[in-house]
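A.B. asks: Chains S and L, in that order, are what the protein sequence lines are.
Residue numbers for the first sequence follow numbering that gives the first Met the number 0, beginning at 0 and rising by one.
Residue numbers for the second sequence follow numbering that gives the first Met the number 0, beginning at 0 and rising by one.
Honestly, the hints are just simulated from the structure, not real lab data.
Nothing here was measured: the structure is a model prediction, and the numbers come from that model.
Note that beta-carbon positions come from the ideal geometry of N, C-alpha and C, so glycine has one too.
There could be a bad hint or two in this list.
[What the hints assert, rightly or not] Only some residues are given here: those of chain L computed to face chain S with a beta carbon under 10 angstroms: (1) Phe97; (2) Thr121; (3) Tyr274; (4) Glu344.
[Said to hold, decoys possible] Away from chain S, derived, C-beta distances all over 12 angstroms, residues of chain L: (5) Gln38; (6) Ala52; (7) Pro89; (8) Lys131; (9) Asn132; (10) Arg234; (11) Arg284; (12) Ala316; (13) Asn351; (14) Asn474.
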Amino acid sequence: MPLSIDEVRRVAALARLKLSPEEERLFAGQLSAILDHVRELESLDVSGVPPMTHALAEGEAVALRPDLPVPGLTPDEALANAPSRQGTCFKVPRIIE
Amino acid sequence: MPVADFEVVLGLEVHAQLLTRTKIFCGCSTAFGAEPNSQVCPICLGMPGVLPALNAQVVEWAVKTGLALGCAVQPVSVFSRKNYFYPDLPKGYQISQFELPICLGGGLTITVDGQEKLIRLTRIHMEEDAGKNLHELAADGGSGVDLNRAGVPLLEIVSEPDLRSADEAVEYLKALRAILLALGVNDGNLEEGSFRCDANVSVMRRGATEYGTRAEIKNMNSFRFLKQAVDFEVRRQVALVEAGEPVVQETRLYDPVRGETRSMRSKEEAHDYRYFPEPDLPPVRVDEALLARVRASLPELPRARAARYQQVLGLPAQDAGVLVGDGALADFFDAALAARGGGAEAARKVANWTIGELSRLMNETGLPPPAWKLTPAGLAEVLALLDAGTVSGAGAKALVEELFRAGGDPGALVKSRGLAQVSDQGAIEAAVDAVLAASPADLERHRSGKKDLTGFFVGQVMKALKGQGNPGVVNALLKKKLGGLPPGEGR
């Protein structure tokens, strides 16, 4: 089932991607192929299998973290990869609200 | 007013910041007011390859809040990713709970116009806060982003659309705040945004069965603004419906300066958060042991406490309500009353001082009761001095203020500050005579019956005695000298 160009545009907009008309057609085909491949799983009967989003067995639990502060990064370390900074803030283009 | 033909349908979403020491998924400090980006780490910065680790205290307090609000605490709940782009959200998604939140149902009772009403809750879930945008930071119009707040734990508490007026919404918010304060999980600060609320507002014609289209209102950081915003929004929607125009489902921002709500230019074409279960966090399990432990730790809740204050101590409903509105204030009251001892009369006095003078000083300084230099025993001692006539009402007030700001021993301060009340007949009479002699014109006006100036003279005498004259003695002496009330006072 091919993905429509409109669906590709919607997904691209959500992902903040700007696609050319050629790319839209290209990705419509590629994404459709991926979805078709994954859709093969639908041929299995999993009606008796509970959804599994994690690799923990039933009843297995992971220890929670105690509420104790640990040192993190310094502002300079945190900003080391930032393209732009102002003081110790990340600087971003103006946000319109 | 056509508004009367309509019914208001309101639900509130409250975001309450939990008072944990560290963030929800990493060990960074949550302390307020630090240098921007000084409380961050690879996890809350959203660096690739990091894994979140859930803070045990967050789960415990979510359970505590759920139990206090009568919710069904879920044995298994799941974190989800809520996907959207914004500069204050480093990962490109917020870790929240969606399909399976930690608490379902529940509710809380409010009292409006003497009527009790149960407001049902839909759910309570745990999530992380976003960072903070500092607009117009740079000269070129750029914005700064501080991620110290990113990852601070929040509880989102969602009510059913059971509220029917702005007044009910305010009462609900006050009652919820009082409960969170009593539980010690939130500081209840609307202004600083650690306790914030959004309102879903719609209107429908009376008798209609279907709700109208709702608008979501944001940015109401006080009880007063909540009331103003809802009232404005109701008038706006009623006007639209009356004019036959549709109400648009949108997010609106309250502008406290103009007192109106405004559409936030909807840059986002229909929200699509593409929620899916957070693969990096296992389901949250709440077992019987945790439930039992948290249940045992629940304090007396505000409504029960207010009922006790009214029934056992005989406090007026209004005063009881103010005290339990802030659990720490009620704690102070309890401790001061225990130190003072006595029955309903003592309770009323301690309550009056706590609600009056101490609330005023608390609002002025922003200091919560545990941070006051005045102790409950200190207040009890001042009230004992007042009852014994050692200090006047004004003297007690001065004493309380001094103790609140600087602390000290009440008895010693009375001496060192010269606050002892003047009850000596001779001293007061001298002051009365001096005042009357200094204002012959006023005295004449009073005596001729043109105007009752008794209050004025009392004030002058008290001023002469630096506020420390015994009011009973001052009044009696003045009355004698003025010859009682003038006949046919004209007012």
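A.B. asks: Now, for every hint given, state plainly whether the structure supports it.
C.D. replies: Hint by hint, here is what the structure shows:
At a threshold of 10 angstroms, the smallest CB-CB gap from Phe97 of chain L to chain S is about 12 angstroms, leaving the interface hint violated. Look at Thr121 of chain L: its Cβ only gets to about 23 angstroms from chain S, farther than 10 angstroms, so that hint breaks. Below 10 angstroms, beta-carbon pairs count as interface contacts, and Tyr274 of chain L has none with chain S, the closest being about 12 angstroms; its hint is therefore violated. Using the Cβ-Cβ criterion of 10 angstroms, the hint placing Glu344 of chain L at the interface with chain S is not satisfied: the shortest such distance is roughly 45 angstroms.
The claim that Gln38 of chain L lies off the interface is violated: its Cβ sits roughly 6 angstroms from the closest Cβ of chain S, which falls inside the 12 angstroms cut-off. Separation of Ala52 of chain L from chain S is inadequate, the least Cβ-Cβ distance of about 4 angstroms not exceeding the 12 angstroms criterion. Not every beta carbon of chain S lies more than 12 angstroms from that of Pro89 of chain L, the smallest distance being close to 9 angstroms; the non-interface claim is violated. The beta carbon of Lys131 of chain L is not kept farther than 12 angstroms from every beta carbon of chain S, the shortest such distance being approximately 9 angstroms.
Distance check for Asn132 of chain L against chain S: the nearest CB is about 6 angstroms away, which does not clear 12 angstroms, and the non-interface claim fails. For Arg234 of chain L, the requirement that its beta carbon stay farther than 12 angstroms from each beta carbon of chain S is met, with the minimum near 24 angstroms. Once the 12 angstroms rule is applied to beta carbons, Arg284 of chain L is inconsistent with being away from chain S; the minimum gap is 5 angstroms. The claim that Ala316 of chain L is not at the interface with chain S holds, since no C-beta of that chain comes within 12 angstroms of its own (minimum 38 angstroms).
The Cβ of Asn351 of chain L lies farther than 12 angstroms from every Cβ of chain S, with a closest approach of about 39 angstroms, so its non-interface assignment holds. Chain S leaves Asn474 of chain L outside its interface by the beta-carbon criterion, the shortest separation being 59 angstroms against a cut-off of 12 angstroms.
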